[in-house]
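Asker: Residue numbers (this note's numbering), protein chains in the order written: chain A, 1 to 393; chain B, 1001 to 1085.
Calculated directly from the structure, the hints in this document are not laboratory data. Even glycine gets a Cβ: it sits at the ideal position worked out from N, Cα and C.
Reference listing, derived: stretches of chain A covered by chain B, where coverage requires no fewer than 3 residues with Cβ under 8 Å from a Cβ of chain B:
no.	region
1	10-24
2	75-85
3	354-368
List time: in silico PhoX-like cross-link candidates among lysine-lysine, alpha-carbon distance up to 25 Å:
no.	chain 1	residue 1	chain 2	residue 2
4	A	Lys-251	B	Lys-1004
5	B	Lys-1076	A	Lys-366
6	A	Lys-329	A	Lys-37
7	A	Lys-366	B	Lys-1049
8	A	Lys-29	B	Lys-1004
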Amino acid sequence: MNSPKKMLVDINSCFATIEQQANPLLRGKEVVVAAYKSERGCILAASREAKKLGIKTGWRVEEAQKICPNLIVLTPDTEKYRFINKKLKKILLKFCPRVQTKSIDEFFLDFEGINDDLIEIGLKIKKEINKTLGEWITVSIGIGPNLFLAKIASNLKKPDGLVKIDESNFLEIYKKLKLTDLHGINHKTAYKLELNGIKNPDDFYHKSQQELRSIFKSICGDYWYFRLRGMEVDDKEKPVKKSFSAIFSLKSPAKNKADLAGIFFQLCLKVGKRCNKQKMGIRGVAWWAGGENINISGKLHKKEEMINGWEIFKEIYPKIPEFRGKIKKVVVVIYDLQKKVWQKNFFTEKEKFRQGSEIAEKINNKYGMGTVFPGTVLASKKIPDFIGFGNTE
Amino acid sequence: MRQKINTPVSVMMDFNHWQNKVTPTQIQWNNRDFKIETVGMHYQFFKGKKLFHVFSVSSGEMFFKLILNTENLFWKLSEVADEFT
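Just need the whole structure built from these sequences, with the hints factored in.
Answerer: If you want it as structure tokens, here you go:
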């Protein structure tokens, strides 16, 4: 087993504790941050006090209110969470030169080549967070020989934990855990493993590499074999993104083309911006909008690259039909991303549009999103800013 | 109750050059003075190229979200909430 040189820092009940830090009157109360305040709103984070009552992330607001009638429901304040994410990264960089943001509330630190005591560093990190971010924001820190075991260690004690997994205690910990406690094992995979005589992580560990390969029928079996023995298989360089998507669930449904066009436009800008950050051009786009008895979808592939959200929207807009019904969910996916290389052609309509859209993007970057928008979406609603749960890249 | 307000507000600030700390100490809103007891969080965000400073503060029984527009140095009270929120 490798020596424990990997650390995972996880903010406890992230959005909820940040809200409690900002507003001292919320401290000690049952608070949840939900996508919407309405009964069907999905809970994104629950405070420690709410978790004690059994309220969990992913529940509907109405389910939680049945358990706790006095529950305080807040909607996300994305600027605040992004600020804390950046500030925490700055703190962590003081202690380790290799910090990777895994998600809005999770950081991975690689101490390979550094010989300091990681428990001591963990305590110092906690102290610094308390001093800089505020007394209510706590983190659980897991230390392990690889990212997988560091993640398990960070989940062992919540909130405010600091746990190290190494050669001396990993088998003992495997005996106490369920298969679904392992990051990457869902109920379906656990069922598959149980059918093969693996009932807990300890059984999983004692299987040979060949046995695991034949159970998973792929190289994933080998990965699990190494992962459980503390060897690193998850800290790979990020592959270049092949596609981007943006999805939005509407609180009040879109009932006409103008409403829907506005949502599509904002999602196009979102994916276009993410793609631009990686300096890629876009060749393929697919879209879907659906709700009660209605489905609108399409896809197109172009030889010539689209370079921003405006150009994507220009392609999608003519293909949105007039409809009757209630659209509740809208998705835009861009794919076949190519390195941006194009020649300017000064005499075409397309070039004029491209120049116009680039100027509009510049204005929006300077004065804020939504300062300039197409007339076709004038009547539609603005969608709120939101944070995804995945990787922040 | 929690309410989004977005109205101009008068704010008294204290700048401590020894600690390099800026703290709102008192606000006047609705013809009442509120003494700030706790600054829960101070953060910044950009809207386009405009920088805004946000102070989440509490007067003991009320919570206020104050926003300073650094372009014109005007303050706005963005949100107010009481202890029953």
